[in-house]
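Trainee: Chain by chain, the residues:
Number of protein chains: 2
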Amino acid sequence: MTKGYTRWNSLSEASAGLNALRASGKTIGSIHSLGALHEGHGKVIQIAAKENDCVVVSVYPNAAQLAPGSVYQYDAEADCDLAHKFGATHLICPDTSEMYPSEYRTFFDQGDYYKRLDGTVVPYLFRGMITMSTRWIIFTRPTRTYWGLKDIGQTILVNRAVKDLLIDTEVREVPCVRYKSGIAISSRLMNQPEAKILEFQRVYEALEVGRKAIAGGLANSEKIIQIMHDHLNPSAMKYFSLKYIKIAKPLDFEEPTEIDIPLIMHIVVSDGPKNYFEGHYLRSQTDLMNAPETIWLDDYYPPFKE
Amino acid sequence: MTKGYTRWNSLSEASAGLNALRASGKTIGSIHSLGALHEGHGKVIQIAAKENDCVVVSVYPNAAQLAPGSVYQYDAEADCDLAHKFGATHLICPDTSEMYPSEYRTFFDQGDYYKRLDGTVVPYLFRGMITMSTRWIIFTRPTRTYWGLKDIGQTILVNRAVKDLLIDTEVREVPCVRYKSGIAISSRLMNQPEAKILEFQRVYEALEVGRKAIAGGLANSEKIIQIMHDHLNPSAMKYFSLKYIKIAKPLDFEEPTEIDIPLIMHIVVSDGPKNYFEGHYLRSQTDLMNAPETIWLDDYYPPFKE
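These protein sequences, in sequence, are chains F and D.
Just so we're aligned: 207 in our numbering is position 207 of the first sequence, and the numbers increase by one with no gaps anywhere.
Just so we're aligned: 105 in our numbering is position 105 of the second sequence, and the numbers increase by one with no gaps anywhere.
Hint data in this document are derived by calculation from the structure and do not stem from the laboratory.
Treat the hints with care, as some may be off.
Treat identical chains as interchangeable: a pair holds within one or across any two.
Cross-link-like lysine-lysine pairs, in silico, DSBU-like; alpha carbons within 30 Å at most [to be verified]:
1. K274 with K212
2. K43 with K274
3. K249 with K85
4. K26 with K163
5. K180 with K246
6. K43 with K196
7. K50 with K115
8. K274 with K243
9. K163 with K115
Only chain F is shown next, with the shape it has when bound in the complex:
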């Protein structure tokens, strides 16, 4: 408490604490993270802090959505401090023995969703991600829970699970947080060579080129994807290889021949060890004409490698 926030290191502590908050009639906003928090998370926490009495942030690198055997680099103490700086009042930092005891069995299945979009690149991703995200919501029972549109698939599927499982909470879909260059903030883009970041910027530009083509009247998916592909020019890329460019329906992540709004535009590139996801979720005619609502950072680029 000396730091101005409460940190719970176990679910049982957190459960008692959350029950006390609810009993006191306080509204609770929740943000659920894998750790390695940055200003993007900060902006989401800030929104939650404006709309709720308390902001609960969980910091837990969910093994079930990460590459098997990989070690996720994060510093729980630094994450708690950053979250608090932006308005978090309560932090939950459990360990894996508590989150996945040996008898753990229950995962979600949302049908073909999990095989589409991000799921075509990382087949286990959605299953692990949506199950853990929804477990956090069930555990925290927030008044409102905040999910960023950096991860379009996650946000749509979490919202679906919350509705399907009759969870009594409001899912707030928060705009993507971007540098002025258009690049979405992400821990894996920080401290990379400048040339790599400049190359990566073409991904956002390709999204915008595609959006403008649709806004100009083009409805044929294949043609739009070709225009995006031409701008991206993956054969001339030095740092990244293209995994896919997709245009999909938010209802089922199917990829239609002729498109209409709402739609998801999604690009995945890889630098070998890691995949990088970028997308536009165009929910309305306004999103289509002006680009989706965005939270803009002051910086133009992520910090470069020295």
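The hints should help you fit chain D onto chain F, whose structure is shown.
Mentor: Frame of chain F, contents of chain D only:
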């Protein structure tokens, strides 16, 4: 309210009502049924009524666990009246358009569990049953939720899902309710010919013969199943055919060669259109030596067909 209980016909009504109950500090016991309630449900409701201020009973024939296209016979009004007679204070009777809207997607996956025991006979059963059961618990957010050990697989898997999804409720496993003959009460055994019921009684007897063999020191699964099979004598059955006799571990429903406690003994027979499940869940040495705790009815048999 003129009937002495509150009936909610939609989830939104029920949600508001449940929030009010919780806000008033009342403890809530929940029972979730498919409808067609009988004295077996009544006994469970009675236990919940002793332990809680309010007892919420849901009455909904969950399509996702019933044979596709089948019509489940029940009378919601009669079910509400019966539930109230045994102590239910609040009834939830929603319709399918609300429970499974066209965008519905989220089901549970608990691994090989769903392919074993009951799942070998009805492959879709557990998926639909455990998802809906757990949705009800998430929706109702009871202090305690009551699940009968007539359906051993369901109770174990619901308990697993509640723990895995971090749902803040106590799962109360309630003993099986049996007629004095040993037959477990079930709507599908009512109003059948007397000779059919007498034949069905052999299923319970076979469980008991098996249990006593284990209590006597036999540990080889195959031999125990043979003894049960000999008693059941399915080739001499007129009304039923044997689907299986299984001895399985509660942890994963695997069928070990050499058994120990805890264990599930399970028999499924069929009369053609319907399957009939009977089992013992032996959780302790006491269960093994004395038979599992049972709630005994006054009647010796279910009501026969006239």
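Trainee: Hint numbers the structure violates, sorted upward?
Mentor: Violated hints (numbers, rising): 3, 7; every other hint is consistent with the structure.
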